[in-house]
Amino acid sequence: MSWEFIHYGLGRWLHILSGVMWVGLLYYFNFVQVDALKRANAETPPAGAAITKHIVPSALFWFRWAAVATWVMGAFLLGDKLNQALLFRETAYVPIGIGAWLGTIMLFNVWVLIWPNQKRLLGLVAASEEEKAKARRVAFLASRTNVMLSIPMIFFMSSSGLFHYPVFAG
Amino acid sequence: MKNPLDSLWGTVLCGLVLTAVLYYLARAMMAGG
Numbered sequence: 817m818s819w820e821f822i823h824y825g826l827g828r829w830l831h832i833l834s835g836v837m838w839v840g841l842l843y844y845f846n847f848v849q850v851d852a853l854k855r856a857n858a859e860t861p862p863a864g865a866a867i868t869k870h871i872v873p874s875a876l877f878w879f880r881w882a883a884v885a886t887w888v889m890g891a892f893l894l895g896d897k898l899n900q901a902l903l904f905r906e907t908a909y910v911p912i913g914i915g916a917w918l919g920t921i922m923l924f925n926v927w928v929l930i931w932p933n934q935k936r937l938l939g940l941v942a943a944s945e946e947e948k949a950k951a952r953r954v955a956f957l958a959s960r961t962n963v964m965l966s967i968p969m970i971f972f973m974s975s976s977g978l979f980h981y982p983v984f985a986g
Numbered sequence: 053m054k055n056p057l058d059s060l061w062g063t064v065l066c067g068l069v070l071t072a073v074l075y076y077l078a079r080a081m082m083a084g085g
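Chains as they are written, first to last, in this note's numbering: chain A, 817 to 986; chain B, 53 to 85.
Extracted from the complex, chain A is given alone in its bound form:
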């Protein structure tokens, strides 16, 4: 097995696999769960507790670790070009550099804004009702920010590389 196969074959495959899981769960939260939970909790008696107890912790587990795996495999793929991409040092690496920055901001949002606040909402960390209301708002807005950032991020990821140069030079 050659290094090229490990780097560009397995590396890209694992990057895309984990990215599909990360963004897939992000879209599940935003396109499905937010509204479903609102409707379930509006029923009498409220029916959202089962979702919060059985689905959310598991979905968040795969969500946050898929985010790490996606970023690590992306950095592995860029290899010694990581610097050029993140610092926009080479013209050809501008599109992937923008994609990498968007992915990095999204990873920050997952681990610094979404997960710590979700821990308060799930009761893993003690919090007053007021703190929970604030945590809910911060986690919600960070999650929505990631949906917004994912749209250009996927564009730049899928249109990067010399093969797609005409996308930007045309």
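Hints in this document: simulated from the structure, not taken from any laboratory.
Even glycine gets a Cβ: it sits at the ideal position worked out from N, Cα and C.
Among the hints, erroneous ones may be present.
What the hints assert, rightly or not - Below are the DSS-like pairs computed for lysine-lysine, each with C-alpha atoms no more than 27 Å apart in a straight line:
# : chain 1 : residue 1 : chain 2 : residue 2
1 : A       : 950       : A       : 869
2 : A       : 869       : A       : 854
3 : A       : 869       : A       : 935
4 : A       : 950       : A       : 935
5 : A       : 854       : B       : 54
6 : B       : 54        : A       : 950
7 : B       : 54        : A       : 948
8 : A       : 950       : A       : 854
9 : A       : 854       : A       : 948
Stated by the list, open to error - Covered stretches of chain B, going by a simulated chain A footprint (3 or more residues, C-beta under 8 Å):
#  : stretch
10 : 56-69
11 : 72-82
Unchecked claim - Partial selection, computed: residues in chain A whose CB lies under 10 Å from chain B:
#  : residue
12 : 910
13 : 911
14 : 918
15 : 957
16 : 960
17 : 964
18 : 965
19 : 967
20 : 968
21 : 970
22 : 971
23 : 972
24 : 983
25 : 985
Chain B: place on chain A using the hints.
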């Protein structure tokens, strides 16, 4: 003013606008390089 991120479609619209802005920024950076 309402936060566009409160609405799902407002969020998607912001994402599309941001994509267009960043696309032209990338083109400008690449043309300047």
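Going down the list of hints, with the structure as the test:
Between residue 950 of chain A and residue 869 of chain A the alpha-carbon distance is near 20 Å, which keeps this suggested pair within the 27 Å criterion. Between residue 869 of chain A and residue 854 of chain A, the direct Cα distance comes to roughly 15 Å. Compliance with the 27 Å bound is thereby established for this hinted pair. Among the hinted pairs, residue 869 of chain A with residue 935 of chain A is consistent with the structure: their alpha-carbon atoms are about 12 Å apart, no more than 27 Å. For the hint pairing residue 950 of chain A with residue 935 of chain A, the CA-to-CA distance comes to about 13 Å; that is within 27 Å, so the pair holds.
A distance of roughly 20 Å separates the Cα atoms of residue 854 of chain A and residue 54 of chain B; the hinted pair therefore holds under the 27 Å criterion. The suggested pairing of residue 54 of chain B with residue 950 of chain A holds, with an alpha-carbon distance near 18 Å, which does not exceed 27 Å. Under the criterion of a C-alpha separation no larger than 27 Å, the hint pairing residue 54 of chain B with residue 948 of chain A is consistent with the structure, at around 22 Å. Among the hinted pairs, residue 950 of chain A with residue 854 of chain A is consistent with the structure: their alpha-carbon atoms are about 17 Å apart, no more than 27 Å.
Under the criterion of a C-alpha separation no larger than 27 Å, the hint pairing residue 854 of chain A with residue 948 of chain A is consistent with the structure, at around 16 Å. Under a criterion of three residues with beta carbons nearer than 8 Å to beta carbons of chain A, the stated coverage of the stretch 56-69 of chain B is upheld, 8 such residues being counted. Counting residues of the stretch 72-82 of chain B whose beta carbon lies closer than 8 Å to any beta carbon of chain A gives 7, which meets the minimum of three for the stated coverage. For the restraint placing residue 910 of chain A at the interface with chain B, the shortest Cβ-Cβ distance is roughly 5 Å, inside the 10 Å limit, so the hint holds.
Contact between residue 911 of chain A and chain B, as hinted, is supported at the beta carbon level, the nearest pair being about 5 Å apart and thus within 10 Å. With a cut of 10 Å, the hint placing residue 918 of chain A at the interface with chain B holds, because the nearest CB-to-CB distance is about 8 Å. With 10 Å as the threshold, the beta carbon of residue 957 of chain A comes within range of chain B, its nearest partner Cβ sitting at about 6 Å, so the hint holds. Evaluation of the residue 960 of chain A hint against chain B yields a held restraint, the C-beta minimum of about 4 Å falling below 10 Å.
Among the interface hints, the one on residue 964 of chain A holds; its C-beta lies about 4 Å from the nearest C-beta in chain B, closer than the 10 Å criterion. The closest approach between the C-beta of residue 965 of chain A and any C-beta of chain B is roughly 7 Å, which is under the 10 Å cut-off, so the hint is satisfied. Against a cut-off of 10 Å between C-beta atoms, the interface hint on residue 967 of chain A holds, since the closest Cβ of chain B lies about 3 Å away. Restraint check, residue 968 of chain A versus chain B: the minimum CB separation of about 4 Å is within 10 Å; hint holds.
Given the 10 Å rule on beta carbons, the hint for residue 970 of chain A holds: about 9 Å separates it from the nearest Cβ of chain B. Interface hint status for residue 971 of chain A: upheld, as the beta-carbon distance to the closest one in chain B is roughly 5 Å, under 10 Å. Using the Cβ-Cβ criterion of 10 Å, the hint placing residue 972 of chain A at the interface with chain B is satisfied: the shortest such distance is roughly 7 Å. Contact between residue 983 of chain A and chain B, as hinted, is supported at the beta carbon level, the nearest pair being about 9 Å apart and thus within 10 Å.
A least Cβ separation of about 7 Å between residue 985 of chain A and chain B falls short of the 10 Å threshold, and the interface hint therefore holds.
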